[in-house]
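Number of protein chains: 2
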Amino acid sequence: MTKLYLISTGPGDLDYLPSIAKKALNECDDIVGYGLYIDLLNELASKAQQHNLPLGQETERARLALNLSVQGKTTGLISSGDIGIYAMATLVFELLEHEAKPEWQSIEIEVIPGISALQALASKVGAPLAHDFCTISLSDLLTPWETIEKRIHAAGQGDFVISFYNPVSRKRRWQLEKAKQILLQYKPKNTPVIIGRNLTRDTENIQITTLAELDIEQVDMLTLVMVGNQETRIIKQGKHIYTPRGYRGKQ
Amino acid sequence: MTKLYLISTGPGDLDYLPSIAKKALNECDDIVGYGLYIDLLNELASKAQQHNLPLGQETERARLALNLSVQGKTTGLISSGDIGIYAMATLVFELLEHEAKPEWQSIEIEVIPGISALQALASKVGAPLAHDFCTISLSDLLTPWETIEKRIHAAGQGDFVISFYNPVSRKRRWQLEKAKQILLQYKPKNTPVIIGRNLTRDTENIQITTLAELDIEQVDMLTLVMVGNQETRIIKQGKHIYTPRGYRGKQ
Numbered sequence: 581m582t583k584l585y586l587i588s589t590g591p592g593d594l595d596y597l598p599s600i601a602k603k604a605l606n607e608c609d610d611i612v613g614y615g616l617y618i619d620l621l622n623e624l625a626s627k628a629q630q631h632n633l634p635l636g637q638e639t640e641r642a643r644l645a646l647n648l649s650v651q652g653k654t655t656g657l658i659s660s661g662d663i664g665i666y667a668m669a670t671l672v673f674e675l676l677e678h679e680a681k682p683e684w685q686s687i688e689i690e691v692i693p694g695i696s697a698l699q700a701l702a703s704k705v706g707a708p709l710a711h712d713f714c715t716i717s718l719s720d721l722l723t724p725w726e727t728i729e730k731r732i733h734a735a736g737q738g739d740f741v742i743s744f745y746n747p748v749s750r751k752r753r754w755q756l757e758k759a760k761q762i763l764l765q766y767k768p769k770n771t772p773v774i775i776g777r778n779l780t781r782d783t784e785n786i787q788i789t790t791l792a793e794l795d796i797e798q799v800d801m802l803t804l805v806m807v808g809n810q811e812t813r814i815i816k817q818g819k820h821i822y823t824p825r826g827y828r829g830k831q
Numbered sequence: 581m582t583k584l585y586l587i588s589t590g591p592g593d594l595d596y597l598p599s600i601a602k603k604a605l606n607e608c609d610d611i612v613g614y615g616l617y618i619d620l621l622n623e624l625a626s627k628a629q630q631h632n633l634p635l636g637q638e639t640e641r642a643r644l645a646l647n648l649s650v651q652g653k654t655t656g657l658i659s660s661g662d663i664g665i666y667a668m669a670t671l672v673f674e675l676l677e678h679e680a681k682p683e684w685q686s687i688e689i690e691v692i693p694g695i696s697a698l699q700a701l702a703s704k705v706g707a708p709l710a711h712d713f714c715t716i717s718l719s720d721l722l723t724p725w726e727t728i729e730k731r732i733h734a735a736g737q738g739d740f741v742i743s744f745y746n747p748v749s750r751k752r753r754w755q756l757e758k759a760k761q762i763l764l765q766y767k768p769k770n771t772p773v774i775i776g777r778n779l780t781r782d783t784e785n786i787q788i789t790t791l792a793e794l795d796i797e798q799v800d801m802l803t804l805v806m807v808g809n810q811e812t813r814i815i816k817q818g819k820h821i822y823t824p825r826g827y828r829g830k831q
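For the protein sequence lines, the chains are A and B, in the order given.
If you use the numbering used here, the first sequence closes out at 831, no skipped numbers anywhere.
If you use the numbering used here, the second sequence closes out at 831, no skipped numbers anywhere.
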């Protein structure tokens, strides 16, 4: 039985890594990932043979990890954040189903969850995710824009707290502005918006604004954008943001 | 400056705790929480003075933690899962805003995120959260049922992967059946459903079924219920479940 770990490496700072992730990394003969994220692991990845495949080669990374595993090597495929949330884990299962090489079928797969960007950002500002929330990726590279737009409308109608993953890319900038305009049909102009970049790293930058004042120029590829629900509150001069659950009404 | 840590203790198994949580617990003079979750911390909580307040006394726990902090004690308020997701963190901020005792204003609050139940469950079965998802609490103790029902409709319309927190309680059992009936208006009968109980503990139990066959009798207070989107797939005879992101169409 060969083993393939799908390992979440969290938001950046290694203090956010649970022990299960460290133990799995320690067992790996080979580690496959994007170079920057392998580098961030420092000595946690130093024992293993490292396979650094550039951005854009996601499917190749997943295929390589499966192939290394069948060679008898305990392999770790890594992804920042939570590998199960908009990340590499799904690609491995997609290959397992559709390429279905007979030798892959004996691989035992273990997924190691991690702290996703939305949790890191929420923890830095307070408790904006304390009530019903959703995540929407604004990348229309793999998902038709109509589907994404339908979800933004639904999130507005349902008054969810919304985390936008992949809000912009270098070539793709209009989607976040469009999302903002859609949400303004459902949410007040002063709905709190949190913009988080390089979370938990030295270069971390967090800005608090409102839906009406959200400026797309503040947002880049490494940013998570979180929009509150109708109850989300900014307190202590913008030091904290939280979404009430309603305990107060019950006192 | 006195310090109050709001510490996530994760799904159960202490191997899911990141180092930041262990470091924060280690700094605490006093720990406030529900007894079961303090007990699960074992030696991680043994150095501190423990304050065990029963279920139902959530506001009292938050208030006690604030009051211990102003006494100069480094205090940890703990919550299972992620303390920012349907948990205790929001209560502290609610008190800070509305009770606003002057002495509380000097407390420095640090929130420590953790692995939430939806991530633990997802990791155990594959990658069901790989595309847009939402969470909905079915508890109408603090939220009017009309709001919850509106969100279930929105989640169905938007075809989100849905995680139901607090699906039932001892006294409250019809909400999950109602949610199922609403979702059947939007999602196919064979939509995968994952039922996870006591995640990461010795008594962990995970069942895979479909939306039409979801039996409310399988669900209790300690259960998370996750419903796939229209693309979510069960593979390898039910060993894995994943939601594609669409890489395959781009090859």
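Hints may contain errors.
[To be verified] Listing some non-contacts, in silico: residues in chain B with all C-beta distances to chain A over 10 Å:
1. LEU597
2. ASN622
3. VAL672
4. VAL691
5. LEU722
[What the hints assert, rightly or not] Mimicking EDC-like on lysine to aspartate or glutamate, the simulated pairs with C-alpha atoms at most 20 Å apart in a straight line are:
6. LYS816(B) x ASP595(A)
7. LYS704(B) x ASP593(A)
8. LYS602(B) x ASP593(A)
9. LYS730(A) x GLU688(B)
10. LYS819(B) x ASP595(A)
11. LYS602(B) x ASP595(A)
12. LYS816(A) x ASP739(B)
13. LYS819(B) x GLU638(A)
14. LYS816(A) x ASP593(B)
15. LYS819(B) x ASP593(A)
16. LYS603(B) x ASP795(A)
17. LYS819(A) x GLU729(B)
18. LYS816(B) x GLU677(A)
19. LYS603(B) x ASP593(A)
20. LYS730(A) x GLU797(B)
21. LYS816(A) x GLU677(B)
22. LYS603(B) x GLU688(A)
23. LYS602(A) x GLU729(B)
24. LYS730(A) x GLU729(B)
25. LYS704(A) x GLU677(B)
26. LYS816(B) x GLU683(A)
[Unchecked claim] Just so you have them, the derived chain A footprint on chain B, three or more residues with Cβ under 8 Å:
27. 629 to 636
28. 646 to 657
29. 756 to 770
30. 791 to 802
None of these hints come from the bench; they were simulated from the model.
Keep in mind it's a predicted model, so treat the numbers as computed, not measured.
Glycine included, every Cβ here is placed at the ideal spot set by N, Cα and C.
Now for the hints, and whether the structure bears them out:
A Cβ of chain A approaches the Cβ of LEU597(B) within 10 Å, the least distance being about 6 Å, so the stated non-interface status is violated. Every beta carbon of chain A lies more than 10 Å from that of ASN622(B), the smallest distance being close to 14 Å; the non-interface claim holds. With a closest Cβ-Cβ approach of about 8 Å to chain A, VAL672(B) is found to fall inside the 10 Å limit, against its non-interface label. The beta carbon of VAL691(B) is not kept farther than 10 Å from every beta carbon of chain A, the shortest such distance being approximately 4 Å.
Once the 10 Å rule is applied to beta carbons, LEU722(B) is inconsistent with being away from chain A; the minimum gap is 4 Å. This hinted pair does not check out: LYS816(B) and ASP595(A) have alpha carbons roughly 35 Å apart, beyond 20 Å. Of the pairs offered as hints, the one joining LYS704(B) and ASP593(A) is violated, with about 24 Å between alpha carbons and a cut-off of 20 Å exceeded. At roughly 15 Å between alpha-carbon atoms, LYS602(B) and ASP593(A) fall within 20 Å of each other, so this suggested pair holds.
Restraint check for LYS730(A) and GLU688(B): not satisfied, since their Cα atoms lie roughly 41 Å apart, outside the 20 Å limit. Restraint check for LYS819(B) and ASP595(A): not satisfied, since their Cα atoms lie roughly 32 Å apart, outside the 20 Å limit. For the suggested pair LYS602(B) and ASP595(A), the alpha carbons sit about 10 Å apart, so the restraint of at most 20 Å is met. Taking the CA atoms of LYS816(A) and ASP739(B), the gap is near 37 Å; set against the 20 Å cutoff, the hint is violated.
Of the pairs offered as hints, the one joining LYS819(B) and GLU638(A) is violated, with about 23 Å between alpha carbons and a cut-off of 20 Å exceeded. For the suggested pair LYS816(A) and ASP593(B), the alpha carbons sit about 35 Å apart, so the restraint of at most 20 Å is broken. Proposed proximity of LYS819(B) and ASP593(A) is contradicted: the alpha carbons are some 33 Å apart, above 20 Å. Straight-line distance between C-alpha atoms of LYS603(B) and ASP795(A) comes to about 37 Å, which puts the hinted pair past the 20 Å bound.
A distance of roughly 33 Å separates the Cα atoms of LYS819(A) and GLU729(B); the hinted pair therefore is violated under the 20 Å criterion. Distance hint between LYS816(B) and GLU677(A) is fulfilled; the C-alpha atoms sit about 8 Å from each other, no more than 20 Å. Distance check on the hinted pair: LYS603(B) and ASP593(A) sit about 14 Å apart at the alpha-carbon level, within 20 Å; holds. For the suggested pair LYS730(A) and GLU797(B), the alpha carbons sit about 34 Å apart, so the restraint of at most 20 Å is broken.
For a cut-off of 20 Å, the pair hint linking LYS816(A) to GLU677(B) stands: about 8 Å separates their Cα positions. Among the hinted pairs, LYS603(B) with GLU688(A) is inconsistent with the structure: their alpha-carbon atoms are about 33 Å apart, more than 20 Å. For the proposed pair LYS602(A) and GLU729(B), the alpha carbon gap of about 41 Å is over 20 Å, so the pair is violated. Note on LYS730(A) and GLU729(B): the hinted pairing holds, with a Cα-Cα distance of about 19 Å set against a maximum of 20 Å.
Between the alpha carbons of LYS704(A) and GLU677(B) the distance comes to roughly 18 Å, so the proposed pair stays at or under 20 Å and holds. At roughly 14 Å between alpha-carbon atoms, LYS816(B) and GLU683(A) fall within 20 Å of each other, so this suggested pair holds. For the stretch 629 to 636 of chain B, the stated coverage by chain A is not satisfied: 0 residues place a CB nearer than 8 Å to a CB of that chain, which falls below the threshold of 3. Counting residues of the stretch 646 to 657 of chain B whose beta carbon lies closer than 8 Å to any beta carbon of chain A gives 0, which falls short of the minimum of three for the stated coverage.
Taking a C-beta to C-beta cut-off of 8 Å, the stretch 756 to 770 of chain B contributes 0 residues in contact with chain A, too few for the three needed, and the coverage statement is violated. Beta-carbon proximity to chain A at under 8 Å applies to 0 residues in the stretch 791 to 802 of chain B; the threshold of 3 is not reached and the given coverage is violated.
Consistency with the previously given hints fails for numbers 1, 3, 4, 5, 6, 7, 9, 10, 12, 13, 14, 15, 16, 17, 20, 22, 23, 27, 28, 29, 30, ordered from lowest to highest.
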